[in-house]
Amino acid sequence: MSGETEVDVLTFGRAEQVEAAASDWLARRVTDNWGEADEAALQAWLSETPAHRIAFLRLEAAWGYTSRLGALRAPRRGLARDAKMSGRVVFRIAAAMVVLALVGLGAGSYFGAPREKIYTTAVGGRETLKLADGSQIELNTDTVLRLVYSRKVRKATLERGEAYFHIAHDAARPFTVRVGQHRVTDLGTKFLVRHAASDTLEVAVTEGLVRLDATEGPAGARSNLLSVGDVAVVTGHNTVVTRKPAQKLAEELGWRHGVLVLDNATLADAAAQFNRYNTRKLVIAPSAARIAIGGTFPTNNIEAFTELAQDVLGLKVKERKDEILILR
Amino acid sequence: MGDGVTVSEVDAWFVREVLPLESVLMQFLRRNWSNKSEIADMRQDVYVRVYEAARRQIPQPAKPFVLATARNLMINRVRREQVVSIEAVADLDALGVAADTPGPEAVAIGKDTLRRVQAALDRLPERSREVVVLKQIEELSRQEIAQRMGIGEETVKWHMAKGMRALADMIYGDPGELGRKS
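Protein chains in written order, with the numbering used here: chain A, 1 to 328; chain R, 1 to 182.
If we strip away everything but chain R, and leave its shape as in the complex, we get:
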């Protein structure tokens, strides 16, 4: 395909460098975009653009690139939608500074991981948590989990999928909450 970087290199880079920035990215999007129902889609669009750029050349360092991509996306959307709210314009001006300044809040996923993942697990919906615990800690098969919980195997998978989504959101999207000591 004429791409400069292999898929597996980009995948590894993305997991290592970009995903840990998710909480910063989400804060950035939430602070600057008023329609909250669009945030998840915008995050995905940012990720896709960052990933595609990395297929040509891996941007270093990752953080300013990710935030600049988010900023450009917001600007493009405001332009395309043609209805510019005053609030959006004011914030976009401020973005120029925010995107270029590396903040001290860079998240290190490795640190305290176990405690954070444990905290995320505790916050899962009950059935999903049960499925995850039986799978990852008790090491049961799907069939065994189904029997233990008295539900069908497809339902096990359904709860598992739901748990996986929630875990990713908590581990990457909102670690501030998790890292908080009580």
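Next comes chain A alone, as it looks inside the complex:
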């Protein structure tokens, strides 16, 4: 029975998400008017992790074989053949690095108080911060994180948005994340902190242990120890801790690979999730709000979603300037 809980949350379902994202890139490159900006964005995605690069290479290589299918009909030669060769674009070393190197920041702490740095992502953006101690912080869409990092102190403040922390544990220099009136302390772990609305906070632990403390409020405010699979939702002074299965947590972390994983979500929920990543907002009419859908979607591709609503679910789509209305 313990089989489910043994699963490493970080890896479970990850390959599928990476493949979904890689195939979306490749399908776009094969069928879109592919420009320099597209190529730069793809190269940035490929250089994020070897897993991205490998998934893309694999799909691309398999896809390359289908160009030979043209030979089955092959009435056309020369031009058509040359055109197809361009599909097998050779990789170039990615020029675009989305990683911000923070190595060496600690040295500055000899001179007075360590400096605070502020990192932000735009709507639809994503960044990975690499700290000198090997820790990594991945920022999701529309996020503001303040960070103090020195030889003595490691503390972050999540002003807004969502971040995934993969922290190299150091008991002498615990890593803390402050969110409003709460503080999350790393006890050797990987965890997600989401600060969506101003007064709600969600902490999900995918490995190890963290401690969640209220820094203000009633005397003797409770301290919660959270372990793998625990999800704490804090609203005001109330904290509710539930346990989610590994796969659910992995789905919530789909954004780390640029995808939104929907499993039996209502259209209204799906729209709310998409809207975090896009400036053009989805609006679902009440008549369609409760229709359930599932699937893996690129977070920035609202068009794919609306077209599927149209073509697969048979819904109507009305496009306006800043929003897209979906109704029955």
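Check before you lean on any hint, since a few could be wrong.
Unchecked claim - Simulated restraints, written as ranges between beta carbons of each label pair:
| # | chain 1 | residue 1 | chain 2 | residue 2 | range |
| --- | --- | --- | --- | --- | --- |
| 1 | R | Glu139 | A | Thr49 | 51 to 59 Å |
| 2 | R | Ile75 | A | Val241 | 32 to 40 Å |
| 3 | R | Glu144 | A | Gly124 | 26 to 34 Å |
| 4 | A | Glu39 | R | Arg148 | 36 to 44 Å |
| 5 | A | Val283 | R | Glu139 | 34 to 42 Å |
| 6 | A | Gln247 | R | Arg148 | 51 to 59 Å |
| 7 | R | Arg148 | A | Lys244 | 23 to 31 Å |
| 8 | R | Ala68 | A | Val233 | 41 to 49 Å |
Said to hold, decoys possible - Result set (EDC-like, lysine to aspartate or glutamate): computed pairs, CA atoms no more than 16 Å apart in a straight line:
| # | chain 1 | residue 1 | chain 2 | residue 2 |
| --- | --- | --- | --- | --- |
| 9 | A | Lys248 | R | Glu17 |
| 10 | A | Lys244 | A | Asp263 |
| 11 | A | Lys155 | A | Asp170 |
| 12 | A | Lys281 | A | Glu303 |
| 13 | R | Lys36 | A | Asp170 |
| 14 | A | Lys281 | A | Glu216 |
To be verified - Only part of the chain R face toward chain A is listed, based on derived beta-carbon distances under 8 Å:
| # | residue |
| --- | --- |
| 15 | Asp41 |
| 16 | Gln136 |
| 17 | Gly152 |
| 18 | Glu154 |
Read the hints as simulated data drawn from the structure, not as lab findings. All C-beta atoms, glycine included, are put in the ideal place defined by N, C-alpha and C.
We have chain A; now place chain R onto it with these hints.
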């Protein structure tokens, strides 16, 4: 970055030498790992480790290295999860032999490729197959495909992406099925 081998060299090597081993690797993983839902992730982990090793130095020959990497990954996972099933231990012992012996089943992707790819195409979901055929054989643009099929362009892309994933799985992951003569 101080790496010994360039990215494009590793990419080319990976496509040429490692991907054709995928069916062997998958058999190996399936035979020795009981939780089937983890196989896809494990394959990815093996690939990442192999790729990263190749960035330092390309391992030759590829096959024993890939299988040894898979074996080590399984052993590490069993250790880390700390709940060792008896079955897993027994199989891991047997792995030592399997990983080091080059088998006769090395797959040559080049051979019969056209027929195999055709067979893979035949097994795609209908809409995905239609999109792939219109693109690769009829050489239509996305817009033209969308018009022909009476669906949106994003839906075309969606079916295309789905078809690409299925093709890769069939071409690399399961060529035994495809190569079978009926």
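Evaluation of the provided hints:
no., hint, result
1, R:Glu139 - A:Thr49: 51 to 59 Å, "34 Å, violated"
2, R:Ile75 - A:Val241: 32 to 40 Å, "34 Å, holds"
3, R:Glu144 - A:Gly124: 26 to 34 Å, "30 Å, holds"
4, A:Glu39 - R:Arg148: 36 to 44 Å, "28 Å, violated"
5, A:Val283 - R:Glu139: 34 to 42 Å, "38 Å, holds"
6, A:Gln247 - R:Arg148: 51 to 59 Å, "38 Å, violated"
7, R:Arg148 - A:Lys244: 23 to 31 Å, "44 Å, violated"
8, R:Ala68 - A:Val233: 41 to 49 Å, "44 Å, holds"
9, A:Lys248 - R:Glu17, "36 Å, violated"
10, A:Lys244 - A:Asp263, "14 Å, holds"
11, A:Lys155 - A:Asp170, "12 Å, holds"
12, A:Lys281 - A:Glu303, "11 Å, holds"
13, R:Lys36 - A:Asp170, "36 Å, violated"
14, A:Lys281 - A:Glu216, "36 Å, violated"
15, Asp41, "5 Å, holds"
16, Gln136, "5 Å, holds"
17, Gly152, "4 Å, holds"
18, Glu154, "4 Å, holds"
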